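Participant: Residues per chain are reported as follows:
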Amino acid sequence: AQSVTQPDIHITVSEGASLELRCNYSYGATPYLFWYVQSPGQGLQLLLKYFSGDTLVQGIKGFEAEFKRSQSSFNLRKPSVHWSDAAEYFCAVAPYGGATNKLIFGTGTLLAVQP
Amino acid sequence: EPEVTQTPSHQVTQMGQEVILRCVPISNHLYFYWYRQILGQKVEFLVSFYNNEISEKSEIFDDQFSVERPDGSNFTLKIRSTKLEDSAMYFCASSEAFNTEAFFGQGTRLTVV
Numbered sequence: 013a014q015s016v017t018q019p020d021i022h023i024t025v026s027e028g029a030s031l032e033l034r035c036n037y038s039y040g041a042t043p044y045l046f047w048y049v050q051s052p053g054q055g056l057q058l059l060l061k062y063f064s065g066d067t068l069v070q071g072i073k074g075f076e077a078e079f080k081r082s083q084s085s086f087n088l089r090k091p092s093v094h095w096s097d098a099a100e101y102f103c104a105v106a107p108y109g110g111a112t113n114k115l116i117f118g119t120g121t122l123l124a125v126q127p
Numbered sequence: 343e344p345e346v347t348q349t350p351s352h353q354v355t356q357m358g359q360e361v362i363l364r365c366v367p368i369s370n371h372l373y374f375y376w377y378r379q380i381l382g383q384k385v386e387f388l389v390s391f392y393n394n395e396i397s398e399k400s401e402i403f404d405d406q407f408s409v410e411r412p413d414g415s416n417f418t419l420k421i422r423s424t425k426l427e428d429s430a431m432y433f434c435a436s437s438e439a440f441n442t443e444a445f446f447g448q449g450t451r452l453t454v455v
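In order, the protein sequence lines correspond to chains B and Z. Counting the first sequence from 1 gives a position; the working numbering is that position plus 12. Counting the second sequence from 1 gives a position; the working numbering is that position plus 342.
Any given hint could be a false lead.
Claimed, not checked - Some chain B residues judged to face chain Z by a derived CB distance under 7 Å, without partners named: (1) Leu56; (2) Tyr62; (3) Arg89; (4) His94; (5) Ala98.
Said to hold, decoys possible - In the DSS-like style, the derived pairs of lysine-lysine whose C-alpha atoms are separated by at most 27 Å in a straight line are: (6) Lys384/Z x Lys420/Z; (7) Lys384/Z x Lys80/B; (8) Lys61/B x Lys425/Z; (9) Lys61/B x Lys73/B; (10) Lys425/Z x Lys399/Z; (11) Lys399/Z x Lys61/B; (12) Lys399/Z x Lys384/Z; (13) Lys384/Z x Lys73/B; (14) Lys420/Z x Lys399/Z; (15) Lys384/Z x Lys425/Z; (16) Lys80/B x Lys61/B.
These aren't lab readings, by the way, just hints derived from the structure by calculation. Just so it is clear, the structure is predicted and the values come from calculations on it, not from any experiment. Even glycine gets a Cβ: it sits at the ideal position worked out from N, Cα and C.
Please put together the full structure from these sequences, using the hints given.
Facilitator: So, in structure tokens, the structure goes:
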């Protein structure tokens, strides 16, 4: 069965430090991949997506992610974290060759940013 | 910027009561979805809706649940007889096509007491 794994439940970084959030997926074909962010009391906001083409994708708020087929990974990165980045981050997969009508989410990584 | 809006933001209901969660998808979108997130757990797909009918539903979406697009703008989720385990954040989402990104609303937190 398709699945998404985010191995880090909780990460704390210092403001200004770099960030990498891990995401691994299990799916036979090349899926569509997404990162969403959920700030406290807010909904899910799309940070970036990978459908095809360049495996390094740029998103909003200075985030980027790299698709590595050989590792079945889609890790999210940011070179310098800001206090406002504190939130929960969800990796998601669209398993039906791109059909986004049934996203499979990971369990999320809660990011804390310390001064 | 167009957005998906959900009302109410928080609803408290007694066990056994019916609730209707409301959503206004982005106007030119054709595909609509409901997801839920039980506290501390992952976001789970409930149902997708296209062309005035359910296109797919999960095993969670049993006979207690129904969806409707009563007019050209609203998309609703009804839970007929709520149970304690229905307490969760419910997210509505919409997308332009079946293979484009889904945009999510801010969610409705449902508390069943």
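Participant: Any of the earlier hints contradicted here, and which numbers?
Facilitator: 2, 3, 4, 5 and 8
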